[in-house]
Structures are given as C-alpha cells and as structure tokens.
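Quick note, the sequences are listed as chains A and B, same order. Each residue of the first sequence is one higher than the one before, counting from 14 in our numbering. Each residue of the second sequence is one higher than the one before, counting from 2 in our numbering.
Keep in mind the hints are simulated off the structure, nothing from the lab. Since we're looking at a predicted model, the values are computed, not measured. No residue lacks a Cβ here, since even glycine has one placed at the ideal position from N, Cα and C. A portion of the hints provided could be inaccurate.
[What the hints assert, rightly or not] Coverage of chain B stretches by chain A, computed from C-beta distances (three or more under 8 Å per stretch; other residues unrestricted): (1) 48-58; (2) 94-108.
[To be verified] Selected chain A positions facing chain B (in silico; Cβ < 8 Å): (3) 181; (4) 183; (5) 184; (6) 199; (7) 293.
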Amino acid sequence: MNLRFISPKISQKIMKSVFWAAGFLAILILLIIVGYILIMGLPAFSLEFILGDPIDSGAEGGILPMIVSTIYVTLIAVIVATPLGVLAAVYIEEYAGEGKIVKTIRFGAETLASIPSIVFGLFGLAFFVVFLGLGWCVLSGGLTLALMALPTIMRASEVSIQAVPRSYREGSLAIGATKWQTVYKVVLPAALPGITTGIILGMARAIEETAAILYTVGAALTIPESIFDPARPLPLHLYILATEGISLENAFGTAAALIIILLGITIVTNIMVERYIKRMMGR
Amino acid sequence: MKYKMESIDLNVYFDEAHILKDVNLKIHEKTVTSLIGPSGCGKSTFIRTLNRMNDLIDTFKMSGTVKLDDEDIYDSKVDVVEVRKRIGMVFQKPNPFPKSIFENVAYGLKTHGMSNKELLKERVEESLKAAALWDEVKDKLDMSAMGLSGGQQQRLCIARTIAVNPEVILMDEPCSALDPISTTKIEDLIHKLKNEFTIIIVTHNMQQATRVSKHTAFFLHGEIVESGLTDKLFLEPEDKRTEDYITGRFG
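Whenever a hint applies, use it, and build me the whole structure from the sequences.
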C-alpha cells in the first residue's frame, strides 16, 4: 500500500479543518485584544470619565476634550481626503486610460501608503506647522491624517470603480448619456459600497493614528474652540498617559473609549452599506 | 421605401485585425433587418459601429461611411451623444442599472433633461406598456430591477431604450441569454415595435431571423456575402456559402 496516498475525502476534511482553524484563530485574536482592553478599561468608565475634563494631566477626571479632538481631526482628515481620493480614482479609472500618468499616480499612492506614520508626522511638522505657519493645531493634525488616509480611500475607490460591470457603462452611453452622466449617475452609485468601506478604513486609520499627530496637533488638555487651537486626540492622550506613567488605569479607559468609537463606526456603516446594497440589488 | 441607415465601404480594424471588409448595407425604415452569420463573422462589430459604441475601444479604427438618414454619423461635426440618442441599443446580456425599475426607465429621460415628475411617470408607464412589461411590474416600480427575471430584465432594457424615443433600435443577440418563453415574448415585442422604429437585430438563431425580420444580411469573415429580403435569402440563396450556412453545413 502506498503510504503517501491520502484519500481525497480525508484531505478534504483535513483542509477544511485547517481553513476553519485559521479563520477561528483570526477572530479569536481580535476578541482577545478587544476583550482585554475592555475588561481593563471599563472599570475606569463612568459618565464623569466620558463627559469630564482631565484633572492633573489626566491622572484624574475625564477625557471629553480628547473625544472631541478625535472627532475634529478625523472629520478634517475625511473631509479633505475623500473628495481627493475619489476624484483621483475616477480620473484614473474612467478618464486616463492605461498610460504613464496613471502608473505614476498609482505608484505614488502606493508609496504614500507604505510610508511610516512617524514620517508623515515629521512632514506635517515641517510643512503644515512650520512652513504654512499653522502651528500645532487641529487643522495641522487633521491635514496630516488626511495625507495618510488618502491612499487607502483612493485605492479602495479605484478597486470598486473597476468592479462596476462594463455593461452598466455601455447601457448608459448607448442611451445617449454623456461620460460624466454615466460616471455620476451609474458608476459612482454602483461603486458606493466599496468607496464607503474605503472611507471607513481611511477614517479608522486616522482615528487610531498616534505618530502622525504627535508633532502636529499639540497636546492641549482643553476642548479646542476652533481648528486653529491645539488639541489632544485619544491615541495621543493614551500614549502620553502610558509613557509618562501618569495613570495606567485611565490609559486603558482611553483605549477602551477608542475601541468603542471604532467598533461603533464600523458596525453602523456596515449596516448602512448592507441596506444600500440590498435596496440596489433587490436581494 | 426609404433607407434609414446605410453603411458605405465600411472597414473596421482592431489594431491590425481587419474585422469588417467593405461592408455595404442599406437598412429600410420601420422594418426589421436581421444580421446572421457564424461567431466571429463581425456582425456584432458591425452593429456596434452603427451607434459608435466601438469608439469606446482604444484600438478601433475605421474607414468608410455610416449614414443615419443622410448624415454621416462619423463626421467630426457630429456629437456622438446625439447619435446615441437617436440610435438605441439592447445588449446581449440584459444590463439594467442597479436602480429601481422606475429609475431604469426614467434614466434616459432624466439625462436628456426631463424633470417634470408627472411627465416622467407618464413616459415610464407608456414605455413599460410598449415593452409588454407594465402588468408584471406596475405594483413594484420602486423595487430594484436586479430582482427581475432575465426575460423581464431584457424587456426592461427595451423599455429603457424606447423611453427616449429613438429612431433606430439595435439589438445584439437580445435573446441569447433567455429561455424560450421569454424569447417568444421579445419576438412578439419586436413585431409590435417595428411599426414605430427601425430595428436591426443580430441573431445566431436562423429561425428567429425568419420569424422577425423582413430583410436579412449574411456575414462571413467580415464580409456581407448576401443580403436582401429574408424570405428570398432563406428560400433561394444566390450564394453557395449562404446556402451552406442556412442549411447548417457550417457555423
């Protein structure tokens, strides 16, 4: 008997278990991290913690200014990066055709995506804070984060625009619609779920980013009154609390808040995207 | 009888490949013309040249003339969008937009600038009735067109095309993805529509050509071997190759 022969039925079973185990492990790791942070962080949670100002550099008191700062810088990042990323993707996919320009833009975006975030931080410091004279503020931080979110949003938009069947475009053009009408009324709506996912990924990257804002946003402990005020988003607060040994308990509390915000955004948008697809595709 | 469209010495190339060779064909107004021939003979390329859909392909090159009424549609002064408004197209695979049934039919009207809601409703209803789909969908106009069956989707695409009131409708094997019952429905529809529109249909199915069309052109290797009245072409073909094809000796 040939010992190297494994019957197809058995190999089928083995491989199925291997895939299952890999999937299970991935989810397990996520659950462990999220669970650990929540278990460690939730004891610090109270209404006072979420809606209060920090006292004594954050050793006591709450994180409301940090939550507000996070929302501000993230919004700026998304508002700036989304139109840029989506328009660039539309240009590349619908107008440019395969050529040198497109290859260059794509290469640029991919390079941008692989640059370490601390380098973005340095660039933000040199360009927004110093060169443009914006100083350490919400705007400088938000713009730096926008640069980081840009390649994610652009790439995701490109892929989802590419995935729109050619037959939709042909149907629209054949009816006497212009190219722009076709892009705006048929291609973009069909690509919207993928674009939205890209925006959320870019946003998640902006929310959780520390290094890029370290040198750009300042470290104020108060709620920024305008985008020209310094601020301290949640990840930066967490970093300072932990590295300067101010309060590990509140550091975990801050981490928990960050994770809850991220999960909330992801779950809500996923539900919205699912509903949209259902309405669009009638399933 | 008047000619609605005409191709004169039409040659089409994709890169170096010579797809259509000196194609001369006259299309009679308000009748159905079938284009038949084996796969790869150029009939789909020909029909896509008639509404300038091949413009979308980078490697497309052509010489010769394609006339709509007496106007050369490839003239540099002609707006391609205007050409496609006058020459509608139904594709091989039903391609409704992932929008509601109503929005699908209203799409062309809206892109052409109609915004009056009442008028839109009226036109959508008329078009769906003309495409023999109204009774099946009148209660679910807000539902996604993607939820319809293949045959219904194809009739929706026809409704979408006739909504903008084109002069010519091109159909590129409109039944090849459909079951026999849906095919019958589309053929009945073609019979009705020919009173108002000039229809050019590419088909693989020779019975279909005899059922729906008054004129037929037989394509082979990028050339028109024979064209004329459908009855004559099928009963007394002049060319040996036509006879071989319609009797099923090749293709």
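For each hint, the structure was consulted:
| no. | hint | in the structure |
| --- | --- | --- |
| 1 | 48-58 | holds (count 3) |
| 2 | 94-108 | holds (count 7) |
| 3 | 181 | holds (6 Å) |
| 4 | 183 | holds (7 Å) |
| 5 | 184 | holds (4 Å) |
| 6 | 199 | holds (6 Å) |
| 7 | 293 | holds (4 Å) |
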